[in-house]
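Asks: Here are the chains, one letter per residue:
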Amino acid sequence: MAVVEAKNLSKIFGKNIGQSIKMLDQGMTKEEILKKTGNTVGVNRASFSVEEGEIFVIMGLSGSGKSTLVRLVNRLIDPSEGSILIDGKELATLDKKALRQVRREKLGMVFQQFALFPHRTILQNAGFGLEVQGVDKAEREKRAEESLKLVGLGDYMHQKPGQLSGGMQQRVGLARALANDPKVLLMDEAFSALDPLIRKEMQDELIDLQSTMKKTIIFITHDLDEALRLGDRIALMKDGVIVQIGTPEEILMNPANDYVEKFVEDVDRSKILTASHIMKRPETINIDKHGPRAALERMRKEGISSILVVDEKRRLQGYVTADDASEARKKEVSDIKKILKTDILKVAPDTPMQEIFSMIYDTPIPIAVVGDDNRLNGIIVRGAVLAALANDGEVNMDA
Amino acid sequence: MLDFMDKIPLAEWTESATSWIQDTFAFLFEPIKDHFGNFMDFVSGDLLPGIPPILFILIVAVIAFFVSGKKLGLAVFSIIGLWFVYNQGLWDALMSTVTLVILASLLSVIIGVPVGILMAKSKIANSILTPVLDFMQTMPAFVYLIPAVAFFGIGMVPGVFASLIFATPPTVRFTNLGIRQVSNDLIEASDSFGATGSQKLFKVELPMAKGTIMAGINQTVMLALSMVVIASMIGAPGLGSQVLSSLQRASVGTGFVAGIGIVILAIIIDRITQNMNKAKR
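The listed protein sequences derive, respectively, from chains A and B.
Note that our numbering has the first sequence beginning at 1, numbered continuously upward.
Note that our numbering has the second sequence beginning at 1, numbered continuously upward.
Hints are computed from structural coordinates only; laboratory data are not their basis.
Note that the structure is predicted; figures quoted are calculated from it, not measured.
Wrong hints could be hidden among the right ones.
Unchecked claim - Think about it this way: if two alpha-carbon atoms lie no more than 25 Å apart in a straight line, the pair counts; the simulated DSS-like pairs of lysine-lysine are: (1) K183(A) to K137(A); (2) K278(B) to K96(A); (3) K160(A) to K278(B); (4) K200(B) to K183(A); (5) K89(A) to K7(A); (6) K203(B) to K97(A); (7) K203(B) to K160(A).
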């Protein structure tokens, strides 16, 4: 079951909202409604669901409504229409007390500008969520301390936020959200205020933490690279509308419209694509069944100068070249093992293309993509690498 | 052209309203006048003068020393200044003034801070009270003396009442401002963790607004002090009444000396309250 589910969620800022909602339903755009009513559409009928343990990234430029959307999830902003379910329970209609309870138990939030309390120590900041729940001091400090250690700040507990650097302050922000042990973590541009190096470090750390915590994370960002690094799935927003939801690959490979396409245009594809995206189905011969003659036949038919050799379980054994095969045929050698070469380059299916890029220039023969057990998944030829980089190559998305 | 109607009897209305209040709430005013009056007489007549001046001066000096971050300047000034007032034979007057200022300020803060919080939280309260505060501050302070006498007779109690009206607005305004200035981020953060309204107020908003509120309190204390001379017109004893009687007798010298006494007191109170603000931040 989805942990967070938004259905037809809209937010309109201004007066006489009912009329604007009707206009939305008629399919009018943000600009048209602004012109006619003076109201601003923050979020326009957004629907999505986030599964347990998933990092769901909401991405868009500033003004696209992503920060409003995340605030609808914990109702820091009340929705104008639609419903938001946390663990299957409707949030939009809860009274104040019940809403507080859900916020305390299930939702943690990390803010772009950290939003630490400057008059409290790091430890008191981290324990704030527990404090408002009425957890007693000893227990609260213990859990806050654990949480701070988790983000690597165990030594700074008695300092004030102002004494820490931006990156460290955001770690406190993260620790504060984690101390409650919430099921859902809302991160509103959490790393956007940090400089690039620190940001990357924090992203890595979040990925590390997530591998053990398995929280459900909704992560807001305007940075596509960040979205692609972190997201299990990405929702792209424009003018309050969710334009596309998909895995990073889906978004990159099949942009839903011009807007998404424009967004992903600048991405360095070599960082995103892996061996499995650009490999082709290989021509192979069986080491036990085929001899040099059969190998030569296949190579001639396919117009290639070398062919991979596998066993009956498709485990890669090596390759033979056309030259060696024809030599062997002349000498009437029938065992393919005698001309088998094993100096072939192998990569795993999830090897980034960036790495393959440098390897492919050093080898005249294709690179083999092998999975567990040395089983052959495919081959990568130089042309496919270049084509993929040039943005118009045929890419094997089923892999 | 302009005489299309008779004079609006605002003065008469005000008078009848005041006497109505006076009659209707006499049961309230009388005990306040008696008990509070007795209490103030006790503080200014017995309690404070009961402290040996040398001890009083030393206590003030020690407080000054510590709140100013263990610097000697203010402490030395307090000792010399207060000794000078003693030397001029104004010690009893000083005690009366201190009582009036402290009590008026204390009441202003007790009333002002909650009202300021109310204004910060409620748009309606804010739009109603803002003009009221403007009115309270711009109306000449002398005018408050009239109903004060009507309600509480003469002496220290009406003095405190008039000071209260005049001196409370800064505390209200600064409390309101301080809470409104707390960044939206922090409010969102405390909301997102499920803080209740009062948790948010006491754990986030008031601590964050403390500096601003203290600046307001400092203003309130200074305004209360400035009412001292005015309140002496309705019989509030103290340095103010010395100034007033000098004025009536045209004796420049005693007037100046009493004025210096007020200045000394003002500087000491101002620096101490200001430094309390800095020290706590």
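Asks: Hints the structure violates: just list their numbers, smallest first.
Replies: 2
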